[in-house]
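> Chains as they are written, first to last, in UniProt numbering: chain P, 1 to 215; chain Y, 1 to 565.
It cannot be assumed that every hint is accurate.
Said to hold, decoys possible - If you only want the chain P side, here are some residues facing chain Y, beta carbon under 7 Å, derived:
hint : residue
1    : L21
2    : R50
3    : P92
4    : A93
5    : D200
6    : R201
As the list claims (entries may be wrong) - Pairwise CB distance ranges, derived in the manner of DEER restraints:
hint : chain 1 : residue 1 : chain 2 : residue 2 : range
7    : Y       : P299      : P       : E75       : 54 to 64 Å
8    : Y       : E267      : P       : G38       : 36 to 46 Å
9    : Y       : E509      : P       : S112      : 47 to 57 Å
10   : P       : G148      : Y       : T95       : 36 to 46 Å
11   : P       : G199      : Y       : A81       : 14 to 24 Å
12   : Y       : A307      : P       : R76       : 19 to 29 Å
13   : Y       : E509      : P       : E150      : 33 to 43 Å
14   : Y       : T95       : P       : Q166      : 33 to 43 Å
These are calculated hints, taken from the structure and not from any lab test.
Virtual Cβ for every residue (Gly too), placed ideally from N, Cα, C.
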Amino acid sequence: MSDTPFVLELTYARSGPAIYLSHLDAIDVLSRAIRRTGLPYRITQGCHPRPRLTFGPPLPLGHASRCEFLRLHLERPVDPAEAAQALSRQLPAGFTVLEARPVEGQPALTGSRLRYRLVFREGAEDTCQTVARFLGDPSQTILVRRDGKEERVGIGPAIIAVAPDQGASTPTLLVDFEQGKQGLPSAGKILTAVVEALGDRREDLILIERIALFS
Amino acid sequence: MIPGLSHWDLLTVEKPARYLGGEVNQAPDKPGAQLRVCLGFPDLYELGMSNIALQILYGLLNADPRIVAERVFAPAVDFEALLRRKGVPLFSLETKRPLSAFDVVGLTLPYEMTFTNLLNMLELGGIPMDRRARQGWPLVIGGGPSGANPVVLGDFFDAILVGEGEEALLELCEKVIAGKAAGRSRDALLADIATIEGFWVPAFPGPVRRRVFQGFAASPPPLRPLVATIEAVHHRAPLEIFRGCVQGCRFCNAGFFYRPKRERPPEKLAEWGEALLRATGSDALGLISLSTSDYRELPHLLRLLSARRAFPDQSLAVPSLRMSQNTLDLLGSLPDLRKSGLTFAPEAGSARLREIIHKCITEEDMFEVVTATKDSAYRVIKLYFMIGLPFETDADVDAIADLVARLDQAARRAKAHKEFSVSLSGFVPKPFTPFQWAGQDPLDVLREKRRRVTSALKKTRAKVAWRDEYLCQLETVLARGDARVGRLVAEARRRGARFDGWNEHFSREAWEGAFAATGLDPSEFTRPLPLAAPLPWDFIDFRVPKAFLAEEYRRAAALAGTEVL
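Isolated chain Y (complex conformation):
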């Protein structure tokens, strides 16, 4: 089934179906195709198959009769070991070709903690990691939210798309098809790709403007998405109802990366939702957006979606809702709602700090929902907080446990049987957000603050989980880095770093060794930056003026009664 691997080899790894393809809605091969693209996601199959970007691009490329798009995911640690032991290169799921046999390898850049996986996939696929060492095919391109600052990955990618890929990737394919037919050199082709709006080509650097897919609202979502054969993280039919976000949270990378807000019309969404269920056989339709409550006609949309019956056992999953009494009333009126739990992301414990970070969620909403759901099936209330936010005081830190304790008491008073689950994470400043200049607390400070919160939470019934502070620091280095950080990533990978977002795989030793070997100090990337300082990503026109971001940062500082540098 896979050249070089036997049946028994496959049975030595966990979930061999991750590597075999053949799913429902897999695109048929086109043996005479003019262009062969392998789309890759740098994490496990179960995550990659839940990624909407991959499904969108796979559908768009395969709809072109000249193009074949296949898939590859990051091999799990056991499968990587098998590939290396047997000398088998990393291959695509569809035709089992090694990555090096494609014309274009397009890798999504979903989150920074997958950077080592990206490089590992290139090496396993038989592609030189250093772009300067490549000759001929394939071209290695990337794109996604963690490529907003593409500079870190500039040594490894021939081109990185800043922004949305629907049109840009097809334009790139056009150029490659024409270039191949005309026998153009790699360099000539790359220079040509650099002229496509949104692409940064490290060999031919020039101004880059973030690409926005203006036709989003009128375009259908992928209506025949691939259906994972093993349980995916989101195992439902994905319906993206709108793109962009108007909340303007000052820390949020996605909120700025996907601007402006573009809504698909409710009638079309209802039609597409039914088509998606019929094409996937999924029992649940999952609405996708950054903040579902901001869809202008949400009650109308939900009623339309519920009225369409593809299956007698269908249900609707409506995540990313800002909970309030109104939302609860709305959800309560839907017959087939899949209850996904109550989740609040106040991010900060005090109203003061929530105002500073521009997170519009009030205590009133939370208290109202806790008491209003006392007799409902919503048992678990999840709360997400960040520690170390800009302008945070000790009182703000203490306010986290205080808020949870008061919610807990309110639930008891109302005789509501609730379990609170609290997640804590260190603040990570991200490029192209108003907080891109903000510093990240040093590790010991973050750790001390987190201990204060967890210790105070012991007095409540809340379950608490937190993200290791070292990972938060590393994410800042990867997000705000420059080309030197790319070399750090390569060194960490060489020392065995993989799946850095997974606690069970994270190797602090590999990263500390890489910092020592490259002479880089994390504090260089985590300290506060003056507004006047040049930033590695300044050459990108993000369609959100730097002056606006700076003004937002100043506004936050003013709310805190202070000024920024």
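Next comes chain P alone, as it looks inside the complex:
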């Protein structure tokens, strides 16, 4: 066993059936796929050893993504492009590996800022504007459960930017969130509140997709 592990960071997308998996189920799916690739992965210590993986922030059930990432610890260097292809072949429907690159040292994980794309169906400009107003209103609050208690929390500090995507073919919003700081509601909770507020008009919102993570 080499003392200097080789760490590969893989970016992958989740769409179609893969958006209906919980974070834990997705970890299991990815772990199995990694075993099937035959890559020389390192394992964790303890009674239940597993492939040594580090994941980005959990993707809420129902959200698509094209910026998920995981770090895979390997025994020896491998060709990143070949590893990406090998993993892609082993993943079930809805998972696509987009990129693989080696990482040096232990760089901090990204994910305290997230960019989302909210896609509405054609002709749903009104609903798109309703959502833009909801997210853009600094006084807007949502109901959050914490420690068994419900409380209203302002979303203002968690929203960095809300803007229409002018280049999109149907009404689309780009929203930047901040999360992970004390008292900030997560992007997942805010978007759930948006959908609840829409009621039956939620059918106008056809895709919630995480498109970028920043630190």
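Please arrange chain Y on chain P, whose structure you already have, making use of the hints.
Chain Y only, in chain P's frame:
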């Protein structure tokens, strides 16, 4: 993704991935296929994906270039409500076709408490529940251990297979492919299916012989099984090491249904085990059989399996072991064993009653294991008992708590930190077992006996769980019933009975209403039957002569110092 259901609809139900398919090793569609089969399991995805029969048949059918096999599971209560609200028929996971659009719908019959789910799946899939009301496609066929007595389900299935499906289902497919090409009528086709060994076709009743897959030992298990995308009940790669059981427990349905014992060779199993791990990416290989300890070369097999390395983090799960000092020594020598806990199924508390039911487990084994594992990671010891077994006396009932108390004391004396977990269930007489004639205690008697046991167990540290006696009684009615019980099942389903094996879903009200509406009395099916009485399943040649079963019953009675009627 599913016609008629939106993204937001899917997010209103628990675990939507249950209904979406797309798993690793899913068979690709064959648009020009000559035969489209939907294989169904009448319980949740997590259970169905752990069912080895479904994986075997799915693999076999899809290996034929003319056949496409897809899957369907029982929709959970929330998803059923969504389907009904949106008017969407129950569909297959692979191509999202409604069940009514298939040529053959093949439903497994794993346990009696899924009977209402079977009928519900047919209705949700747009297929008339009454077989006589069906015209054209699909044919609805069933098979599995709870179809050993198929008569109960005769109104709802076009054909039921008694026995193993590996060859019989392919033979049925051959006949349907030929029949479709020749434009044969449904009835002509069914008459033809009735000639396949093992199939009972209610419209063309004739003698039926239980089907045995003679080629089992030489055949590989499914080497590319489907891998569940959400955690299944058994989330490991399944390797069936042998089929059948030689223990001869007189109450056990599976022990007789899967006769004779057929072992796969250890070298081939080691090869297949590694292939299974590589094809599934599972971290654990799970050995499957009714009684792992009865594999003739178990130490050799386990060493071979451990020596094969597919992954650095692989492990081996060896359930269904009869624990003893030898077994512990063997397990202790394996590097990657996944400890699944210590489980004993003495079934009866006294040695006398264990001999009567032919359960070969001794107190010595249990005491030895409890003390031998005092310093090991085996903390919890599970014990399974049945209450109301034939020829049981009050002393036998009291012996259950007595045995647990003595094991508990032995553990304390040895300074072994053990937790005992005791499961109690009422005895259910099953067709084609020596106890098929035995009576089941009335509800109040079963309940009183169980209370005596649980009350006595309060003096121990054991955790106790028991199965509701009403469910045990219902299982007897469903197992030993006739066509009238089929109508009872239909009525209970109509009144809302679903997932009857699940405490949180079981509706006693629906079943009591169904008994009242059909005028059936459970005691008709639970009382002792005379050996000379005709049984609804007598027309089946089970390859275990009725005279042998009767002799076994008499032997049990003789051990109890009594005689049977």
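> A separate judgement is required for each hint: does it hold in the structure or not?
Status of the hints after comparison with the structure:
no. : hint                             : in the structure
1   : L21                              : 6 Å, holds
2   : R50                              : 6 Å, holds
3   : P92                              : 5 Å, holds
4   : A93                              : 3 Å, holds
5   : D200                             : 9 Å, violated
6   : R201                             : 10 Å, violated
7   : P299(Y) with E75(P): 54 to 64 Å  : 32 Å, violated
8   : E267(Y) with G38(P): 36 to 46 Å  : 23 Å, violated
9   : E509(Y) with S112(P): 47 to 57 Å : 53 Å, holds
10  : G148(P) with T95(Y): 36 to 46 Å  : 44 Å, holds
11  : G199(P) with A81(Y): 14 to 24 Å  : 19 Å, holds
12  : A307(Y) with R76(P): 19 to 29 Å  : 24 Å, holds
13  : E509(Y) with E150(P): 33 to 43 Å : 35 Å, holds
14  : T95(Y) with Q166(P): 33 to 43 Å  : 39 Å, holds
In this structure, the earlier hints numbered 5, 6, 7, 8 are contradicted, and the remaining ones agree with it.
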